[in-house]
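Could you put the whole structure together from the sequences, leaning on the hints where they help?
In case you want the letters, here they are:
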Amino acid sequence: MIAHDRRTADSRLARLFVAPVILIVGATAPVPIASTVWAALHQRDLRLPWLGQPFVGLANFVEAAGDRRFLDAVLHTVMFAAMTVPIELALGLAVALVMHRVQRGRAIVRAAALLPWAIPTVVAALVWRLVFDNTTTMFGFDWFSNSRAAWIPIAAADVWKTTPFVAVLLLAGLQTIDQEIYESARLDGASATRQLFTITVPLLAPAIVVAAAFRTLDALRLFDLPYVMTGGGPGTATEPLSLYAFVALMERLRFGYGSALSISVFALTFLVALAFVRSLGHASRVEAS
Amino acid sequence: MSRALAAILIAMLLGPIAWMLAASVLPENQIFSGAPIQGLLHASFDHYRALFDERGFLLPIRNSLIVAGLTTIIALPCATLCAYALARLPMRGKGLFLALLLAVSMFPQISVVAPLFLVLRATGLIDTYPGLVLPYVTFTMPLAVWLLTGFFRQLPRDLEDAALIDGASRLRVIRDVVLPVAAPGLASTAILMFLYCWNEFLFALSFTFGPEHQTVPVAIALFRGRYQIAWGEVLAGAAVATLPVVIVVLAFQRRIVAGLTSGAMKG
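Respectively, the protein sequence lines represent chains R and L. All residue numbers for the first sequence refer to our numbering, where the first residue is 1 and numbers rise by one. All residue numbers for the second sequence refer to our numbering, where the first residue is 1 and numbers rise by one.
I should point out that these hints are in silico values taken from the structure, not numbers from a laboratory. The beta carbon of each residue, even a glycine, is placed where N, CA and C say it ideally should be. Hints may contain errors.
One side of the interface only, derived from the structure: several residues of chain R facing chain L at Cβ under 8 Å [unchecked claim]:
(1) Ala-9
(2) Thr-36
(3) Leu-130
(4) Asn-134
(5) Ile-263
Computed Cβ-Cβ distance ranges for the label pairs, DEER-style [as the list claims (entries may be wrong)]:
(6) R:Val-78 <-> L:Leu-222: 24 to 34 Å
(7) R:Val-37 <-> L:Tyr-129: 23 to 33 Å
(8) R:Arg-47 <-> L:Gly-210: 18 to 28 Å
(9) R:Ala-185 <-> L:Arg-157: 34 to 44 Å
(10) R:Met-79 <-> L:Glu-212: 32 to 42 Å
(11) L:Ile-10 <-> R:Pro-49: 53 to 63 Å
(12) R:Gly-233 <-> L:Gly-15: 22 to 32 Å
(13) L:Pro-77 <-> R:Leu-274: 27 to 37 Å
(14) R:Val-37 <-> L:Pro-27: 44 to 54 Å
(15) L:Arg-3 <-> R:Val-37: 49 to 59 Å
(16) L:Ile-10 <-> R:Ala-34: 39 to 49 Å
(17) R:Leu-23 <-> L:Gly-69: 15 to 25 Å
Here it is, written out as structure tokens:
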């Protein structure tokens, strides 16, 4: 009887404890998303408030489909994720292996790895702008005036800043692998490369998928680096989706069209997240079998 | 072999930051010379002096500290109670709840900027501290709940059970038994929340209008001289923004790694 009372009291307490988080997170995440969808179906220009907010259906999305700048931004965003994430995963694995092997001074390496991850992205952007502007002086090649080359400093900054995060995640996975597997592989005469691809990578697969998911979803909302490093330029050559949506919203004050653009960022992220959830299920099934 | 690799790795990781620090003490005309060696002979802290005396850089630092501090103070207790409920108390749909929280933390921020802007403007909170704290509380909360739930689950139950059998109330058990043991986990969560707020850019850029409430990243990003970027002062500002992060990382690296990996690996 007492146990039963305790249980009822506990579940009441649980609801009480969870309620504030549901209220706060709900009020500033799902509700705004819904209202962004709603705003995307209306025309609303904060500079022209006398026009009101007429319902325009899918007109904003139709406009986006014919907007060259939007299509370019989608392409930029997807390309950026497709180029940087594999590099970050491969380098992250390499860094994790090095960190795993270092015996003395592991704390130093770990602290060094945390720094790029922990500093503000704005600072990382300035640091890499500084580095690449100096190479302009040295080699006479201006990265930031070339519409393709301008991506290189942005990608370099992103790889530098986020690879350590991937490495820390993968290192935690590495530390759970039983060393005896490697012993017997060595006895069987398996080379180091073979061990890497037949033991380490398969056993790390779930951790790699988790890291890939975190990195991809983060890359799809790319904003800070191009905002600070290139301003999206030259022209709009380095403008990702989030940046174009920001320009439409906060600079042109077109809240209807801007909302349609930002919903497209959300939709893209959502689709990719679903794909990762499915492949994560797959990866853990493979590991279990 | 592995020692040489580790040395190269450290150079790659820290080199750019060291370059930034070095460049911030160079005369303006030497920053982009490509060979800062001679420039270092004329090193000075002039840019730092200009940063604080002429640009009033103390203001954004104060703003960042206030916003990050308030966010942590508000969000940490909420997250702690919620995480305790998820770890210990009977409740349906825990897995779903945690999954939804994770989904929120993956939201692209740009997709909520417009409605938050309109709400904050309508309530007069735009360009105020609460106007930043509110979205920050939301976006740090999922991470905090995840970290703390994992942390509470690792704690041994025995002490709690013993106290409960002795007739202590649940609230009393949380206050006197759980919280003292959980202090390290709370600390590492608070650190990560603080870092998030210190570094956040998009919301701070969208929801502030002028230097009064701008945080450090916005202040640095919007540094512009009248005719050109004052790179010396920009780099000095970047160095100042990096300093607290360096201290936090050096002091708490073990905790940060534990927090990061437990959050990600339980997924």
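Do the hints match the structure? See the list:
1. Residue-level restraint check for Ala-9 of chain R holds (minimum Cβ-Cβ distance to chain L is 7 Å; threshold 8 Å).
2. Satisfaction of the interface hint for Thr-36 of chain R is found here, the shortest Cβ-Cβ separation to chain L being roughly 6 Å, below the 8 Å cut-off.
3. Residue-level restraint check for Leu-130 of chain R holds (minimum Cβ-Cβ distance to chain L is 6 Å; threshold 8 Å).
4. Given the 8 Å rule on beta carbons, the hint for Asn-134 of chain R holds: about 5 Å separates it from the nearest Cβ of chain L.
5. Interface restraint check: Ile-263 of chain R against chain L, minimum CB-CB distance 6 Å, threshold 8 Å, status holds.
6. Between Val-78 of chain R and Leu-222 of chain L the CB atoms are about 29 Å apart, so this pair conforms to the stated range of 24 to 34 Å.
7. Against the hinted window of 23 to 33 Å, the Cβ-Cβ separation of Val-37 of chain R and Tyr-129 of chain L comes to about 29 Å, which satisfies the hint.
8. The given range of 18 to 28 Å is respected by Arg-47 of chain R and Gly-210 of chain L, whose C-beta atoms sit roughly 20 Å from each other.
9. Taking 34 to 44 Å as the suggested C-beta distance range, the pair Ala-185 of chain R and Arg-157 of chain L conforms, at roughly 40 Å.
10. Restraint check, Met-79 of chain R to Glu-212 of chain L: a C-beta distance of roughly 39 Å satisfies the suggested window 32 to 42 Å.
11. Between Ile-10 of chain L and Pro-49 of chain R the Cβ separation comes to about 56 Å, which falls inside the hinted range of 53 to 63 Å.
12. A hinted range of 22 to 32 Å holds for the C-beta pair Gly-233 of chain R and Gly-15 of chain L, which are about 27 Å apart.
13. Between Pro-77 of chain L and Leu-274 of chain R the beta carbon distance is about 34 Å. The supplied range of 27 to 37 Å therefore holds.
14. A beta carbon spacing of about 53 Å between Val-37 of chain R and Pro-27 of chain L agrees with the range 44 to 54 Å that was offered as a hint.
15. Between Arg-3 of chain L and Val-37 of chain R, the C-beta spacing of about 55 Å keeps the proposed range 49 to 59 Å intact.
16. Separation of Ile-10 of chain L from Ala-34 of chain R is about 47 Å and conforms to the stated range, judged on CB atoms against 39 to 49 Å.
17. The given range of 15 to 25 Å is respected by Leu-23 of chain R and Gly-69 of chain L, whose C-beta atoms sit roughly 22 Å from each other.
The structure fails none of the hints (numbered hints given earlier).
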